[in-house]
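Trainee: Here are the chains, one letter per residue:
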Amino acid sequence: MAETRLMTLQPDGKLLKGARPSMDEEFLLDALRWMLLSRLYDEKVIGLQRQGRFGVYSPGLGQEASIVGSSMALDPERDWIVPQYRELMAIVRHGYPLEKITATYMGKTTEATRIPEGVNVLPTQVALAAQLPQAVGLAWGLKLQGKDAVVMAYIGDGGSSEGDFHEALNLAGVQKVPIVFFMQNNQWAISTPRSLQSATPSFSLRAAGYGFPGVEVDGNDIFAVYQAAVEAVRRARAGDGPTLIESVTYRMGFHNTTDNPSRYEDKEQRADFERRDPIDRVVRYLRSLGLLDEQREDNLRAEVSAEVDRVIEAAAAEPGVRPDGMFDNVYERPPARVLKQREQFRGSNGNA
Amino acid sequence: MPERNVVEAINNALTEEMERDPRVMLLGLDVGRLGGVFRTTSGLIEKYGASRVVDTPLAEASIIGASLGLAVSGMVPVAEIQFLGFTAQAFHQIGPQLGKYRHRSRGRYHAQVTIRAPFGGGIRSPEFHSDAVEAQFVQSPGIKVVMPSNPYDAKGMLLEAIRDPDPVLFCEPDRLYRLYRMEVPDGDYTVPFGKAVVAREGKDVTLVAWSAAVELCQRAAAKLAEEDVEASIVDLRTLVPLDVETLVNAVAATGRCVIVHEAPLSAGFGAEVAATLAEEAFYDLDAPIARVASWDIPFPPASMEHWYLPSVDRVVEAAKRTAAA
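These protein sequence lines are chains H and E, in that order. Residue numbering for the first sequence follows the working numbering, beginning at 1 and increasing consecutively. Residue numbering for the second sequence follows the working numbering, beginning at 1001 and increasing consecutively.
These are computed hints drawn from the structure, not numbers from a lab. Source: prediction; values computed, not measured. Any given hint could turn out to be false.
Here are the simulated lysine-lysine pairs, DSS-like style, with alpha carbons at most 27 Å apart [said to hold, decoys possible]:
1) K1203/E to K1320/E
2) K108/H to K267/H
3) K147/H to K108/H
4) K14/H to K340/H
5) K1195/E to K340/H
6) K1223/E to K1203/E
7) K44/H to K108/H
8) K1100/E to K1223/E
9) K267/H to K44/H
10) K340/H to K1100/E
11) K1100/E to K1203/E
12) K176/H to K1195/E
13) K147/H to K1047/E
14) K108/H to K1047/E
Using the sequences and the hints given, assemble the complete structure.
Mentor: Here you go:
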């Protein structure tokens, strides 16, 4: 653990003594809505996956404050998100329509479901840390073109062991690019615990080696996450360069739908994080202020749940793939050989 | 018309393109202050400044990964990997990332990145500097693999590479860098990809090569001519895209083929050429296809490299055998 871990809202829903909330009430209610959307969506699509209607999926369960709070510090009109793969509602909030992403998970990988023009999001990345040098290049290019834009790049505790992590942070420091490295330390890289990932007492300390600040935050505290992200975005926008944020959270679900954490998970650690649930914390806080009662919370959950149903329905109605669609968008100017192979495939597949 | 060697042709192409298109930038190890270890980028930092000619940290993966991000942002990066053998440390960012980015984003994002990389033996360079690993990138769909063999093509193909919206690996034959000059015009011209060229006409046997091996074949053909064997030479110029038509026609014309490359024999691009000829020109062949390549061993220390690389004698021997078969 770093010398200080930024925290504002305690697990019991009370503010830490002397701490001020980083969001006003309306913004917090919006954040709660996004966190609930994240959770209810995860729960519903895991069910769909079990029915064979949804692809392999990595839920954000337990990490909602981290995912939502970080992205809320960005301006979708000018800033960019470079995701890993467990930040779904961050990229949705940034403008990538949830029904398009859902359709992709339902096997509809077509141009119709790609990231729309004008949405400043890069494709998700499962080759971990490979997205970071790319994010640095993006931030660098935006800076060279004088654009008022900040890039937020996501990574995990596991991905931080990759060589690309080092190369990217090093280059970002040298070129002083407008980027925020947002690390969700969810304690697990599939089954490998954080303790086997690195001997550093805090991943945030690594930033010092690259010449920029690192901050450790309680990743289940939406106020702390948002506050750290806002400050990092402010620094980047002001031309002061990168920040590394380590958001300490816990993967309450599984690595993905093929995983079985009961084979390796520490029950006590899990129980400890259950008590620190990011959504419960906000609900308790809002109740203590009289801004949320049982009825209103139920209504909110019902609204969000209905939205998830609507999204899944819309995704199911998206057009399906064409077999020869796999040849699309490999090249802008395809080699004759590839075009010939596509003809050959069409002939053999009866797909003209 | 001015005469230029390969280094001068590349430098001229980069200068003209940076002048023409303000989005073009260079990045890599030692490309700025030093002007590149072979001086291909000499004088450019003085003309275009350190924000467009960037000395990067010694880190190949981030040179390529950052180039991809720069391209997404709207820049047109030309990355240099100091030697092709060093691409091993950036391989993931080249094949799986750069090569697939357009496909992974379903056409939303382009990866208009050119990677320049000197390679090849014959200049007594240290370990890892000479490896001819071009075929590795042919197995990376999405990447174009470009292998100029002379100063004229070097300029025209580099301009084509920088303007191609697809990522291009531009392999520079370092042995030829300063070997000779030829006419290379000032101003704009491009050499299109996927157009092989018959670099020498001959009726007895067809030599197929690319990059520095074309120059080797020219010397071998001259020697063969002294022994009344007339060799034609096909310079493939680009491995991806491959010009099957020119290849097949040139081999069919003699019925005999010798493929020459610096990479180790097994699964070198020569194997792809031979397989293509077996599919497309089998009934025009009068002799088995021969290959002259480096041995299937690591590139040896510089003092032994002439025993490892294809030589004039080995090409001549294979061509005579094939012509007589």
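Trainee: Hint by hint, which ones does this structure get wrong, listed from lowest number up?
Mentor: Hints 2, 3, 4, 8, 11, 12 and 14 contradicted; others consistent.
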